[in-house]
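Asker: Per this note's numbering: the sequence shown = residues 1 to 145.
In case anyone wonders, no lab produced these hints; they're calculated from the structure.
Keep in mind that a hint or two might mislead.
Just the calculated beta-carbon pair ranges, DEER-fashion [as the list claims (entries may be wrong)]: (1) Tyr115 to Ser145: 43 to 53 Å; (2) Ser145 to Ala96: 43 to 53 Å; (3) Ser144 to Pro35: 13 to 23 Å; (4) Met136 to Tyr115: 28 to 38 Å; (5) Leu72 to Val100: 17 to 27 Å; (6) Pro35 to Thr95: 48 to 58 Å; (7) Arg42 to Ser145: 19 to 29 Å.
Since the model is a prediction, treat every value here as computed from it, not as a measurement.
All C-beta atoms, glycine included, are put in the ideal place defined by N, C-alpha and C.
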Amino acid sequence: MTATGSPGNPNPNLSKPMLVHHFLRALARVNRAAPKQSHARRSRRIRCAAYASMAAAAGPGRRWSRVLLRRLRSSPSSHRRRISVRVARPPRIATASSRVETLRRLVPGGRSLGYCSLLEETADYVRWLDAQVQLMQSLVDFFSS
Numbered sequence: 001m002t003a004t005g006s007p008g009n010p011n012p013n014l015s016k017p018m019l020v021h022h023f024l025r026a027l028a029r030v031n032r033a034a035p036k037q038s039h040a041r042r043s044r045r046i047r048c049a050a051y052a053s054m055a056a057a058a059g060p061g062r063r064w065s066r067v068l069l070r071r072l073r074s075s076p077s078s079h080r081r082r083i084s085v086r087v088a089r090p091p092r093i094a095t096a097s098s099r100v101e102t103l104r105r106l107v108p109g110g111r112s113l114g115y116c117s118l119l120e121e122t123a124d125y126v127r128w129l130d131a132q133v134q135l136m137q138s139l140v141d142f143f144s145s
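With the hints as constraints, model all of the structure from the sequences given.
Answerer: Next comes the structure, spelled out in structure tokens:
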């Protein structure tokens, strides 16, 4: 029993089964779509399926999940490939503001968030990424044994 008088939930993470459900359905769709794909294309499709299932299981309550789903639904032809050219420059000491800007780029939809909202979204995004890694590791363990 919890302090409110209701029985405690033995599984506090109710969304994890939804992540498994969405991911397994997405993997089945990838396998049915084109069984003879190149390794790189198949890897890309599995990665997209993993991100889409994670965002769908998280629901629309978080900005990162909405942004991620919108990015995945947009047409691939509208995405341009970026060619990155690095210029050697002396190493610099990272300031707090540069770290926040790096975090804004890493979290989907984080560019327009305030500092506190960015930290909340980041914590939620990392929690879901951790659940995704655990799910994939469980699948690898299951299929390798």
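Asker: Hint by hint, note whether the structure agrees.
Answerer: Tested hints:
no.: 1; hint: Tyr115 to Ser145: 43 to 53 Å; in the structure: holds, 45 Å
no.: 2; hint: Ser145 to Ala96: 43 to 53 Å; in the structure: holds, 46 Å
no.: 3; hint: Ser144 to Pro35: 13 to 23 Å; in the structure: holds, 21 Å
no.: 4; hint: Met136 to Tyr115: 28 to 38 Å; in the structure: holds, 31 Å
no.: 5; hint: Leu72 to Val100: 17 to 27 Å; in the structure: holds, 26 Å
no.: 6; hint: Pro35 to Thr95: 48 to 58 Å; in the structure: holds, 50 Å
no.: 7; hint: Arg42 to Ser145: 19 to 29 Å; in the structure: holds, 23 Å
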